[in-house]
Amino acid sequence: MALSYLRSSSSRSANLLRPLSSAASLRRPISTDTTPITIETSVPFTSHQCEAPSRSVETNPSELLTFFRDMALMRRMEIAADSLYKAKLIRGFCHLYDGQEAVAVGMEAAITKKDCIITAYRDHCTFVGRGGTLLEVFAELMGRQAGCSKGKGGSMHFYKKDSNFYGGHGIVGAQVPLGCGLAFAQKYSKDESVTFALYGDGAANQGQLFEALNISALWDLPAILVCENNHYGMGTAEWRAAKSPAYYKRGDYVPGLKVDGMDALAVKQACKFAKEHALKNGPIILEMDTYRYHGHSMSDPGSTYRTRDEISGVRQERDPIERVRKLVLSHDLATEKELKDIEKEVRKEVDNAIAQAKESPMPEPSELFSNVYAKGLGAESFGADRKEVRATLA
Amino acid sequence: MAAIFQGVGAAAALPSSPSYSFDSNKSVFSPRRSFSVRKGASFAVVRSDGTVNLNPKDRRAQLLISNAVATKADSAAASSSSKPGHELLLFEALLEGLEEEMERDPHVCVMGEDVGHYGGSYKVTKGLAKKFGDLRVLDTPIAENSFTGMGIGAAMTGLRPVVEGMNMGFLLLAFNQISNNCGMLHYTSGGQFTIPIVIRGPGGVGRQLGAEHSQRLESYFQSIPGIQMVACSTPYNAKGLMKAAIRSENPVILFEHVLLYNLKERIPDEDYICNLEEAEMVRPGEHVTILTYSRMRYHVMQAAKTLVNKGYDPEVIDIRSLKPFDLFTIGNSVKKTHRVLIVEECMRTGGIGASLTAAITENFNDYLDAPIMCLSSQDVPTPYAGTLEEVTVVQPAQIVTAVEQLCQ
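Line by line, the protein sequences are chains F and D. Position one of the first sequence corresponds to residue 935 (my numbering), numbered consecutively onward. Position one of the second sequence corresponds to residue 10 (my numbering), numbered consecutively onward.
Keep in mind that the hints were calculated from the coordinates and are not lab data. Note that the coordinates shown come from a computational prediction; the quantities given were computed from them, not determined experimentally. Heads up, some of the hints might be wrong.
[Said to hold, decoys possible] Each pair of labels, with its calculated beta carbon distance range:
no.	chain 1	residue 1	chain 2	residue 2	range
1	D	Phe184	F	Arg1240	32 to 38 angstroms
2	F	Leu1311	D	Gln311	33 to 39 angstroms
3	F	Leu1311	D	Gly162	38 to 44 angstroms
4	D	Gln414	F	Ala1171	53 to 59 angstroms
5	D	Lys273	F	Asp1016	40 to 46 angstroms
6	D	Gly162	F	Lys1124	25 to 31 angstroms
7	F	Gln1290	D	Arg113	24 to 30 angstroms
Just so it is clear, CB atoms sit at the ideal spot from N, CA and C, and this is done for glycine as well.
With the hints as constraints, model all of the structure from the sequences given.
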């Protein structure tokens, strides 16, 4: 508070000669400032079979700036991926996450790298949140050796074992039983960590989800099922696919929480709450009310089943990055220029990563046969001529 | 380049079990593309319960306009100059077939993900929801196991659903329903229930779609008793097979290919169907029989150009019917050329090619001058990187090499 007084007094002296940057030098460096700030989420939590956590979230300037930077990075990365796809450097399927960054970033703020995250095919930003580098992302998207899956997986198959990111799955809903399995392993090894199994509103109608939920509840697994509800399952709106779009209530006997998924602080609070709950009481469902600006994938324009007004409306009112920007500016944690500088920096980072990724070579032909089995079984694979190309499936 | 293929002789000419239903005792002209029944020709249909029906009074067969395709030998040249029919893309041909059948029979309905208001992820069902309403073109939630099961249940009562898997790979979630219910209910109920369902969708290796979206389900489904599997490859046979599949009383799985949807061709204006159990003679020849289906047909035809330049005369057959195999057509070809090359997109282990190799060896071993060669995809998950993906599937150059080796 003293800082803001200081600032306003210098502006009251009507000193147009004093540039803003000198005012900044009077402030503590924001990147390490951990004075706690309490911020209220704009939307309260709605709960099912449990008590909702408080709306007041504890944070600090450093964290807020990290939120801003990380989300700006993710946003820039996805937009760059869009251009690369149109330039045919990325092929096949490419599902972009822009608009939903707050979920990835808020979640990371509440957990450690010992906790597991597993998600579906809209995984670029979740991967980066887990510590993946931009080079790994772009190289994988372009099918190069430097990619996180050595170019063999593609957009839908990002993984990072050392930070417990389990992917990256193409078949809708199939990752949820996997996630409950991760939770089972965590309970088995008693290491006080939890699993966040992310899925979408389209996947919420998959039977395997309820099967896995039942087992998790029965066995008290530390599984947190997170429904990233962006309201559309490709072209089908949620009200046309689900009789009850209250996904947080779908667990019935499993408690649930509905969260404003465009508010990184609300996401952080909810994930913190969920982790504590899961470690004590077993599974819980989080429904993140979020939105994607792009279509389902790059081959879907995204405007045949929703109006452009809706998209731009959400962008104006609920954009996660703008929200944090407003918070930062209103609490005087940084200036507009500083934030713009961060965005410029981020843009440069992305461009550098793309340039580096473009230089990475395509995988060697012998890579076709590697990693089929964990240990070579001696099974041989022949090229079509059955003579020259002979490889042992490794 | 027309082919006149005479289906001659009785079933006895074919040393295989007559458990398939195929048309024998007929003479048909097969112009460039496919078979059609000449009006007034007598043909026999062997039914699944063993009875043989000569000149069936099948109302639907008589409604077919048999001169849908010209019966003249050089029809190929004629059709392009006189320009009958209309030109369209393969997905439009599928749409046309589906629409015509829905108009013809109110029991036909479509269910799948994003088939209705969205128009289908590959536009095969575009405009149908507007035309036929939400009860006949159903947008399902993402629950393949359930809606496939529901389609089979509805079929048991007499509805004729066309179930779409947005990608064939997603139907793995419905494997139980397809195998146990779709395939077996007719048998286990002692013939009481028929399942006139069509399960269709795009499969195969696309353009860098990743491992999970590049699957060839025909190799997984081929063992299921009680189902029929067909694979379309041209707009003509796409429409014909779609219509025949819908009209069939048996469950039919129609395999389309992700990369073939934009093929353009001129097809007849008249109503026509393609026989579900017949193979298509693409290019008659003398030196070697090349058996293929779906996308690999185009790789084979590309290789055929090179082969012709090198002096070979390959006979190319698009087997179309993956279950059961048209061993009649295939057998006649083997007897002529004595050399077989199978080119498929399935993986080497347990694919359609593997079964076909076994079937031909069992039935026509005496006619073979050389072991059957089978070119298949590699036994690996399809990688995302473009260069690796190319090496996964059979390329035309490899087909040329294989024929050269075979004909030595």
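Self-check item: Distance restraint evaluation - leucine 1311(F), glycine 162(D), Cβ atoms, bounds 38 to 44 angstroms
Solution: Hint holds: Cβ distance 42 angstroms, inside 38 to 44 angstroms.
Practice problem: Could you check the hint for me, namely that glycine 162(D) and lysine 1124(F) are 25 to 31 angstroms apart, CB to CB? | Solution: violated (45 angstroms)
Quiz item: If you check the beta carbons of glutamine 414(D) and alanine 1171(F), does the distance land in 53 to 59 angstroms?
Solution: holds (56 angstroms)
Quiz item: Given a hinted range of 32 to 38 angstroms, is it respected by the beta-carbon distance of phenylalanine 184(D) and arginine 1240(F)?
Solution: holds (34 angstroms)
Exercise. Please test the hint of 40 to 46 angstroms on the beta carbon pair from lysine 273(D) and aspartate 1016(F).
Key: Hint violated: Cβ distance 30 angstroms, outside 40 to 46 angstroms.
Quiz item: Do the Cβ positions of glutamine 1290(F) and arginine 113(D) conform to the proposed distance bound of 24 to 30 angstroms?
Solution: violated (59 angstroms)
Exercise. Given the hint of 33 to 39 angstroms, check if leucine 1311(F) and glutamine 311(D) actually sit that far apart at their C-beta atoms.
Key: holds (35 angstroms)
In this structure, the earlier hints numbered 5, 6 and 7 are contradicted, and the remaining ones agree with it.
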